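Q: Each chain is listed here by its residues.
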Amino acid sequence: MTLISVDSVAFGYSRKEPVLHDVSFTVKKGVNLGLVGESGSGKSTILKLLLGLERPSSGVIRFEGQPMNLNDREFMRRYRRAVQAVFQDPYSSLDPRQKVEAIIAEPLRALKIPGDHRAAIEQALADVGLPVDAISRYPHEFSGGQRQRIALARAIVARPQLVLADEAVSALDLSTRIRIVDLLKDLSKAITILLVSHDLGVVAALCEEIIILEKGRIVEAGRTEDILARPQHPYTRKLLASVPRMPA
Amino acid sequence: MSLLRIENLTIRTGGQALVKDMSLVIEPGARVGLIGESGSGKSLTALAAIGLLPPGLKPEGSILLDGVQVIGASEEKLKALRGRTAAFVFQEPLTALDPLMKIGRQVAEPIARRHRRDGRSAGRQEIVAEVRHYLERVALPDIDRIMNAYPFQISGGQRQRVAIAMALACRPKLLIADEPTTALDVTTQAEILELLSTLVREEGMALLFISHDLPVVAKVAEEVTVLRRGQVVEQGPVRSVFGSPQHEYTKMLVDAAAAFDRALGAQQ
Amino acid sequence: MTDLVDLQAPAPARRTPRSLTLSVGLVLVGLHLFVALLTLFWTPYDPTAMTGGRLEPPSWAHWAGTDRLGRDLFTQIMIGSRIALTVGAGAVAIAAAIGVTLGVLAAFATRTLDDVLAATFDILIAFPTLLLAMLVVAATDTASLFSAILALGIAISAIVARLTRILAKRVLAMDYITAARTAGSSWPSIVFRHVLPNIWPTLSVNFALQFGIAIIAEASLSYLGLGAPPPNASWGRLLQEAQGTVYTAPFGAVAPGIALVSLVIGMNLLADGLRDVGDPTRRRSR
Chain A
1 MTLISVDSVA FGYSRKEPVL HDVSFTVKKG VNLGLVGESG SGKSTILKLL LGLERPSSGV
61 IRFEGQPMNL NDREFMRRYR RAVQAVFQDP YSSLDPRQKV EAIIAEPLRA LKIPGDHRAA
121 IEQALADVGL PVDAISRYPH EFSGGQRQRI ALARAIVARP QLVLADEAVS ALDLSTRIRI
181 VDLLKDLSKA ITILLVSHDL GVVAALCEEI IILEKGRIVE AGRTEDILAR PQHPYTRKLL
241 ASVPRMPA
Chain B
1 MSLLRIENLT IRTGGQALVK DMSLVIEPGA RVGLIGESGS GKSLTALAAI GLLPPGLKPE
61 GSILLDGVQV IGASEEKLKA LRGRTAAFVF QEPLTALDPL MKIGRQVAEP IARRHRRDGR
121 SAGRQEIVAE VRHYLERVAL PDIDRIMNAY PFQISGGQRQ RVAIAMALAC RPKLLIADEP
181 TTALDVTTQA EILELLSTLV REEGMALLFI SHDLPVVAKV AEEVTVLRRG QVVEQGPVRS
241 VFGSPQHEYT KMLVDAAAAF DRALGAQQ
Chain C
1 MTDLVDLQAP APARRTPRSL TLSVGLVLVG LHLFVALLTL FWTPYDPTAM TGGRLEPPSW
61 AHWAGTDRLG RDLFTQIMIG SRIALTVGAG AVAIAAAIGV TLGVLAAFAT RTLDDVLAAT
121 FDILIAFPTL LLAMLVVAAT DTASLFSAIL ALGIAISAIV ARLTRILAKR VLAMDYITAA
181 RTAGSSWPSI VFRHVLPNIW PTLSVNFALQ FGIAIIAEAS LSYLGLGAPP PNASWGRLLQ
241 EAQGTVYTAP FGAVAPGIAL VSLVIGMNLL ADGLRDVGDP TRRRSR
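Protein sequences appear in the order of chains A, B and C.
The first sequence begins at 1 in full-length UniProt numbering and counts up by one.
The second sequence begins at 1 in full-length UniProt numbering and counts up by one.
The third sequence begins at 1 in full-length UniProt numbering and counts up by one.
One or more of the hints may lead you astray.
What the hints assert, rightly or not - Only part of the chain C face toward chain A is listed, based on derived beta-carbon distances under 7 Å:
{"no.": "1", "residue": "Leu172"}
{"no.": "2", "residue": "Asp175"}
{"no.": "3", "residue": "Tyr176"}
{"no.": "4", "residue": "Thr182"}
{"no.": "5", "residue": "Pro188"}
{"no.": "6", "residue": "His194"}
{"no.": "7", "residue": "Pro197"}
{"no.": "8", "residue": "Gln243"}
{"no.": "9", "residue": "Gly244"}
Said to hold, decoys possible - Covered, in the sense of this in silico footprint (three residues per stretch, anywhere, with C-beta under 8 Å from a C-beta of chain A), are these stretches of chain B:
{"no.": "10", "stretch": "2-8"}
{"no.": "11", "stretch": "85-99"}
{"no.": "12", "stretch": "103-115"}
{"no.": "13", "stretch": "180-188"}
These aren't lab readings, by the way, just hints derived from the structure by calculation.
All values derive from a computational prediction rather than experimental measurement.
Cβ atoms here follow ideal geometry from the backbone N, Cα and C, with glycine treated the same way.
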């Protein structure tokens, strides 16, 4: 089932220099999608558009068939409830002055979701593998990996359909990274994940589908195993060959 | 004689030991990887090796760099060692370069310094020729343009090449590279790693390559030391440490790296 | 979870060494506050009554001596505390209300509006506080305690606005603001839940500093005859009155001077000490 469809979307801060040209793809429910590209590929711009932080210069983004409209409050409330986000730097993405409880409660409060918020927060903490007593502590009392778990708890507390993850494991140490990827894999049984990353290894470990971006265009898209086994575009081949591997 | 011989190095701040009883030997021309995650003390070890520890951090033990004891050495003595014996390449080339100085002049500085050190004065022509030589060595394109550019006008990969050129210009016996590719794109990283391996081999320098990324280290190093919370957990040739890790921690790191490798499938 | 690295305890937060600063500041400001409140109910003498000879030196009967009309100077200085604190609090409250509102507005505004507001703040700051205050007092026609407070509040508001704008912009660039937006938070909620709490520690320190500046500025206004008119015993007016007799009766100038300096230093120390109290990342973790 199609959750989000991006249809011929272009974007540029000025007319002369578009950063995104005619990009189309769909996000399907239950299929983790990886957006892979290097700096200048336009992957962050796509993310901003999907987060509703920018409007496309042309083209349409549809959510459950309905065109995205940032001015339609009712639509945006529904959209935000369904689409949450996790960011790269867990040191900057948590308000240092809020306790973990207030941080995780933010979507529940902002979207005026009824129900027992405390119970929802405790469940989210359990889902990301943090103890319940984390609730009354501040972000600075946690390590980088733990902070990213808190950020994940915030993203899933409102039980969204899709989590947009922006380089969500890139800033973490290897040993932490693999655990957060495992956690994401676990969570993706219930929630679809769209991972934006420059790291093919992480994307390959988590996503069933991949889109390869270069200079604001999609150069290749499809099932992860197909693309890894038989890359068609020269850029994809170069990217794959550039990933350092462990010695055999 | 070993180029760098660190023995029982302990670095303390307050009551806390950030590096504990660490030993590491680098022979001339050897390529050594220092692996560790954040807080492992890998960068501190490298800074200590050239006497650049921030104030408040106290090293104990012995660090012999080209036969000279670094711990307790005077600033004068250390200055002579830096550059001639060891040169540094940092993670973020944008902050390592002076933003207000043209690339050509920045590269000229270590060259002029080396000439002064050797007690001979080089003419402007001669220095410019050397700048060009080193920029060519790091395979930068369009050297005329780059010499007249400011750091913000060139790409991240090009900046890192400039930083490497500046380190080369010192003609050091040991090149210390601290996460030199972490801030770069994957394709750029591959190019820089390739460049570093070639240069080190051709110039006969030793390399101390610091990184948290196992496969990256495997690309450039022959031997590795794995640090965890300031302590060496494993040391040895890359193939044996990565191929049959002995320590639990190393095993975990190798498994994690291998998991991402497996996800990528067979090498193209 | 028996993780090796992920769940390792973070380094303990640094212990705050500023408790002494904060205590001394609190004592000095507290003393002035106590005296100020006390004057509402009791003073040693009637401040306007001639209770001794002219220009008497300090004695047991008159701790700070008497002025040229034979009034008790200590009583007047005590009342001066009340006026100083009223002016400081009033001016800072007005400056905070105007400055924080405009500063936050500028931080959120479109590029053009932000540029206009930022330029306005800079121009206002370029005027000396005192000059600006004099203009306001002149505009309100009669010098009163209120006109002095209003004048100083407006003059200081530009400084507060500029600082607020810079601090708010820095906070708005953080990922947790983007996270709040994508979580569905409205702009007002972002301002009150994220921006203000995060800029508050720096702002409150600045408020305490501005409090001290307002007190000095009020003393200067009164010294120039533009502050609170008699019978308000502003320290500035006491200084002005003592000017003519500073060689024969130096204590008339020294005593209000000590009062003024002690309160301003107290406010500054308090400002420094406050910086850490409101910041959870600097508090000692259990």
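Q: Going through the earlier hints one by one, which of them does the structure break, listed in rising order?
A: 1, 5, 8, 9, 10, 11, 12
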